[in-house]
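Protein chains: 4
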Amino acid sequence: MSLQEDDGQEAPRSLAPWRSVLHEVIFEADTPAGKGFDVLLIVSILASVAAVMLDSMGAVRLQYGRLLYVVEWFFTLLFTVEYGLRLLCVGRPWKYAVSFYGLVDLLAIIPTYLSLVLPGTQYLVVIRILRILRIFRILKLVPYLGEAHLLMQALRASGRKIAVFLYTVLTLVVLFGSLMYVIESETHGFTSIPRSIYWTIVTLTTVGYGDISPQTGLGQALASMVMILGYGIIAVPTGIVTVEMSQTFRRKVSTQACPECSAEGHDDDACHCKYCGAKL
Amino acid sequence: MSLQEDDGQEAPRSLAPWRSVLHEVIFEADTPAGKGFDVLLIVSILASVAAVMLDSMGAVRLQYGRLLYVVEWFFTLLFTVEYGLRLLCVGRPWKYAVSFYGLVDLLAIIPTYLSLVLPGTQYLVVIRILRILRIFRILKLVPYLGEAHLLMQALRASGRKIAVFLYTVLTLVVLFGSLMYVIESETHGFTSIPRSIYWTIVTLTTVGYGDISPQTGLGQALASMVMILGYGIIAVPTGIVTVEMSQTFRRKVSTQACPECSAEGHDDDACHCKYCGAKL
Amino acid sequence: MSLQEDDGQEAPRSLAPWRSVLHEVIFEADTPAGKGFDVLLIVSILASVAAVMLDSMGAVRLQYGRLLYVVEWFFTLLFTVEYGLRLLCVGRPWKYAVSFYGLVDLLAIIPTYLSLVLPGTQYLVVIRILRILRIFRILKLVPYLGEAHLLMQALRASGRKIAVFLYTVLTLVVLFGSLMYVIESETHGFTSIPRSIYWTIVTLTTVGYGDISPQTGLGQALASMVMILGYGIIAVPTGIVTVEMSQTFRRKVSTQACPECSAEGHDDDACHCKYCGAKL
Amino acid sequence: MSLQEDDGQEAPRSLAPWRSVLHEVIFEADTPAGKGFDVLLIVSILASVAAVMLDSMGAVRLQYGRLLYVVEWFFTLLFTVEYGLRLLCVGRPWKYAVSFYGLVDLLAIIPTYLSLVLPGTQYLVVIRILRILRIFRILKLVPYLGEAHLLMQALRASGRKIAVFLYTVLTLVVLFGSLMYVIESETHGFTSIPRSIYWTIVTLTTVGYGDISPQTGLGQALASMVMILGYGIIAVPTGIVTVEMSQTFRRKVSTQACPECSAEGHDDDACHCKYCGAKL
Numbered sequence: 001m002s003l004q005e006d007d008g009q010e011a012p013r014s015l016a017p018w019r020s021v022l023h024e025v026i027f028e029a030d031t032p033a034g035k036g037f038d039v040l041l042i043v044s045i046l047a048s049v050a051a052v053m054l055d056s057m058g059a060v061r062l063q064y065g066r067l068l069y070v071v072e073w074f075f076t077l078l079f080t081v082e083y084g085l086r087l088l089c090v091g092r093p094w095k096y097a098v099s100f101y102g103l104v105d106l107l108a109i110i111p112t113y114l115s116l117v118l119p120g121t122q123y124l125v126v127i128r129i130l131r132i133l134r135i136f137r138i139l140k141l142v143p144y145l146g147e148a149h150l151l152m153q154a155l156r157a158s159g160r161k162i163a164v165f166l167y168t169v170l171t172l173v174v175l176f177g178s179l180m181y182v183i184e185s186e187t188h189g190f191t192s193i194p195r196s197i198y199w200t201i202v203t204l205t206t207v208g209y210g211d212i213s214p215q216t217g218l219g220q221a222l223a224s225m226v227m228i229l230g231y232g233i234i235a236v237p238t239g240i241v242t243v244e245m246s247q248t249f250r251r252k253v254s255t256q257a258c259p260e261c262s263a264e265g266h267d268d269d270a271c272h273c274k275y276c277g278a279k280l
Numbered sequence: 001m002s003l004q005e006d007d008g009q010e011a012p013r014s015l016a017p018w019r020s021v022l023h024e025v026i027f028e029a030d031t032p033a034g035k036g037f038d039v040l041l042i043v044s045i046l047a048s049v050a051a052v053m054l055d056s057m058g059a060v061r062l063q064y065g066r067l068l069y070v071v072e073w074f075f076t077l078l079f080t081v082e083y084g085l086r087l088l089c090v091g092r093p094w095k096y097a098v099s100f101y102g103l104v105d106l107l108a109i110i111p112t113y114l115s116l117v118l119p120g121t122q123y124l125v126v127i128r129i130l131r132i133l134r135i136f137r138i139l140k141l142v143p144y145l146g147e148a149h150l151l152m153q154a155l156r157a158s159g160r161k162i163a164v165f166l167y168t169v170l171t172l173v174v175l176f177g178s179l180m181y182v183i184e185s186e187t188h189g190f191t192s193i194p195r196s197i198y199w200t201i202v203t204l205t206t207v208g209y210g211d212i213s214p215q216t217g218l219g220q221a222l223a224s225m226v227m228i229l230g231y232g233i234i235a236v237p238t239g240i241v242t243v244e245m246s247q248t249f250r251r252k253v254s255t256q257a258c259p260e261c262s263a264e265g266h267d268d269d270a271c272h273c274k275y276c277g278a279k280l
Numbered sequence: 001m002s003l004q005e006d007d008g009q010e011a012p013r014s015l016a017p018w019r020s021v022l023h024e025v026i027f028e029a030d031t032p033a034g035k036g037f038d039v040l041l042i043v044s045i046l047a048s049v050a051a052v053m054l055d056s057m058g059a060v061r062l063q064y065g066r067l068l069y070v071v072e073w074f075f076t077l078l079f080t081v082e083y084g085l086r087l088l089c090v091g092r093p094w095k096y097a098v099s100f101y102g103l104v105d106l107l108a109i110i111p112t113y114l115s116l117v118l119p120g121t122q123y124l125v126v127i128r129i130l131r132i133l134r135i136f137r138i139l140k141l142v143p144y145l146g147e148a149h150l151l152m153q154a155l156r157a158s159g160r161k162i163a164v165f166l167y168t169v170l171t172l173v174v175l176f177g178s179l180m181y182v183i184e185s186e187t188h189g190f191t192s193i194p195r196s197i198y199w200t201i202v203t204l205t206t207v208g209y210g211d212i213s214p215q216t217g218l219g220q221a222l223a224s225m226v227m228i229l230g231y232g233i234i235a236v237p238t239g240i241v242t243v244e245m246s247q248t249f250r251r252k253v254s255t256q257a258c259p260e261c262s263a264e265g266h267d268d269d270a271c272h273c274k275y276c277g278a279k280l
Numbered sequence: 001m002s003l004q005e006d007d008g009q010e011a012p013r014s015l016a017p018w019r020s021v022l023h024e025v026i027f028e029a030d031t032p033a034g035k036g037f038d039v040l041l042i043v044s045i046l047a048s049v050a051a052v053m054l055d056s057m058g059a060v061r062l063q064y065g066r067l068l069y070v071v072e073w074f075f076t077l078l079f080t081v082e083y084g085l086r087l088l089c090v091g092r093p094w095k096y097a098v099s100f101y102g103l104v105d106l107l108a109i110i111p112t113y114l115s116l117v118l119p120g121t122q123y124l125v126v127i128r129i130l131r132i133l134r135i136f137r138i139l140k141l142v143p144y145l146g147e148a149h150l151l152m153q154a155l156r157a158s159g160r161k162i163a164v165f166l167y168t169v170l171t172l173v174v175l176f177g178s179l180m181y182v183i184e185s186e187t188h189g190f191t192s193i194p195r196s197i198y199w200t201i202v203t204l205t206t207v208g209y210g211d212i213s214p215q216t217g218l219g220q221a222l223a224s225m226v227m228i229l230g231y232g233i234i235a236v237p238t239g240i241v242t243v244e245m246s247q248t249f250r251r252k253v254s255t256q257a258c259p260e261c262s263a264e265g266h267d268d269d270a271c272h273c274k275y276c277g278a279k280l
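Protein chains in written order, with the UniProt record's numbering: chain X, 1 to 280; chain D, 1 to 280; chain F, 1 to 280; chain E, 1 to 280.
For reference, chain X alone in the conformation it holds in the complex (with noise of 0.2 angstroms):
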């Protein structure tokens, strides 16, 4: 998934004026409308968060739930119709409205509307903060961006050895969870397999909440081999994406592909393709 914005916006050749100048203030930051749009939308989704936030506070509730229902619907209303003129404005509509940036800012409306029928979900409007996203491009982030590029690159380059250990740990944290079902029993507290499951996670990821701990002496003795060995395995990860870091962060692979046998994956300093010896 992609972090830098080209939903679609890309192209509006063909659009009305009105739809280009609607365009450039909405998508763009390069103009001082643009700019100032940007700001706007940024404030008003902070304000809606916090509004959510403390309109689930009970006191807060109790006092000023009047003011923060119409505050929320407000700005409600206010992304619907953004989100409206977003689709209106933009080259291809389709291509928006499934890219990252189009898909947020369709989540970010949908619970206060899914509210009427499904009282609490409003409370998902947190997802707005999602939209915050954009901050980056406006305030000319652009290196944040590319750091953010990099970790994603060294984990999904890592993607398959971690995909393997979490594997590994969900097997293990079954196994463990079983064997300790079948040893303390539903008296202790381990009430079913997936309850004991639970406790696993727990214990092995070092959270240790302690609303369920083991009582006998063969279950605390289980339970330590489980601590030692959550202690331990966090070793793997941290190696597995220290080690893919360290590589990609290094390694500069230029993007240039052969023009003779449109091979990729040439190192930076290349001046002939590896494979055929083309001139790069």
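No incorrect hints appear here.
Where chain D lies over chain X, by a calculated footprint (3+ residues, C-beta under 8 angstroms):
#1 151-164
#2 178-191
#3 205-217
#4 228-239
Chain X stretches covered by chain F per the calculated footprint, using a threshold of three residues with CB under 8 angstroms from any CB of chain F:
#5 50-58
#6 121-131
Facing chain D, according to a computed beta carbon distance under 7 angstroms, are these residues of chain X, among others:
#7 174
#8 194
#9 220
#10 224
Honestly, the hints are just simulated from the structure, not real lab data.
Just so it is clear, CB atoms sit at the ideal spot from N, CA and C, and this is done for glycine as well.
Based on these hints, arrange chains D, F and E on the given structure of chain X.
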């Protein structure tokens, strides 16, 4: 222990034709019948594990206990027949029986029979999920197997260092545990040395249930030391594994020098010098 | 922020002789008088911090409260006089006043005066322990300062990546927190979104107090996800810092080639080629 | 501190023959008698530690207390005699007495005698397990000793950096602890600054017992900061140790000194001194 399935089935030369066919269906995943069998197997495994988990939940067992009991025995008998057939159609039954998958296949059916003697042990059939490791072979997840192999290699290479580390941790844990037992005494929950050692493991691994915690000032001071120690020495296994992985994963750079320009540092798969284009 | 003390005291040229002497005693540690002053200062700081800590313990305050109150004011007045003298004898008082040590020196006396208006704030004088950083200079612990400098350099170099990581963690924490608030509702201790976010931080960082913990199955499943996430992504800052450190600390290998045998890889301090013995 | 046993026993030249024989049996593991003695010693140590652990368990002590008391004294007297013999047959008794193993041998018998004066201290005899370190020598686990040596070397090389890190952590812990004491006040369990510091350590190291936890909003916000800080800065010691290990494990520095200028620290493949150019 190898995750690749070569449980003696690679040489069924002198088998009767029907055993050959059976072998292909059960052990291979190349033919449609073989693939179908594997998929069916995985579904059965997941269903039987789900049944056991449901059975462990009090409310569910109360209502569907009878049904789940039948389901469990159905799958156990099914897997027993399957295990028999595997033994029958494999070239060298004994080699299969003592292989990793052979043992898991056996362990996956024993608990249900055992539960006739020792009630409660039927929950251990969750070990069946280990059978799903075959999924890697079926879904052609060979690259994942390769990654798993690499990880294991790195861990094995650092085995001795980790053993030394574990030995040190266990020694520390016994010493600190006994010290805490003397300091906090039995009135504060440290009722015996083994229990104090359990507490020390809980603390050193930064799990921290809080079911036992020091009450005296001296005990809290010592506990603080154990925490900072545990917080710090996690760096040791992490360092060991990271260094070992970085050596195991190291991108293979050829030691070949270009015959024309003597440049070095070519990738392993390069056919031409990346600087002058000469054939390597 | 530099830990080296160059608070403007390097240029007391045009000062009256008595101020010069005072400057040497207070700011330098080369003369016996200067060294004695510094040692006295550290003892005073430790004594005053100890007094505050003792004062915070109910039983001790009950018995020695009067005495500790006197001690506190004694040290505060002492440090106030010292602060005045420092301002007086330094060449550029303003530069000292806004330097790291100048600010700490000021903050170290404010809380006692503030406690006349806001009772309780006198405990904040523990900030005095920051003054002890001077110990590095006095005890000639320059190599330690060098190491501290190296560490800071590595952290600063990875600043952007860590900022991206922190931003991601904070976003995740807000999203998961709100989700848990909706799932668990107020009856299970998740009384507001901010409190849910607090719980999410407690869980993601694997602290796990257990003062709030999920009760519903869905909540526990989501909590498990947060735990495994927190357990896994610790690898990201660790990887970042490790890679950055390995680049900062890298043993300095000279890029010089031997003029005789063209061998490379000589240490930075080598004068002769380690292979043929020729002068570099 | 060296784990290799060279407690002065390497030079028993001028000893009487019976002392020579005794020395061989007790200190060496090459002869059958010496090996037998060592195995017997380890069994005795394990038995005595097990006895102490059993004695600490209330139910066991109630029933077998008398027996365990006798067992404890039997082993203590045995080890006392052994300690005496070691002193007797070693070439330089004083050097042995102050060596690592000599001190452990002494500490392993003191607690039982001490318990006559201070009841309860007999549990400290678990320090006897340190005597089992000899196992490395007996079982010819020299490669493990080598690994242990490498690990220690890496830790020692990073000693200064870790000291700086520890100093920073301790300063942070005192500052945050005092701040929390002022914010949460005594009614929420933060009854004194030392106790608040204890809580801060519990939180920063991500142990999180939950015996004390912040109740106010401001306290929870500050606690969140401490948690994220603790979650993040674990990267620092990990990075330090990893980098140091990668250098210690890789770089093989020859122990050769230059015959001309006595300089040391030459690389393994060096043929000439890098300082004066003389042939090594």
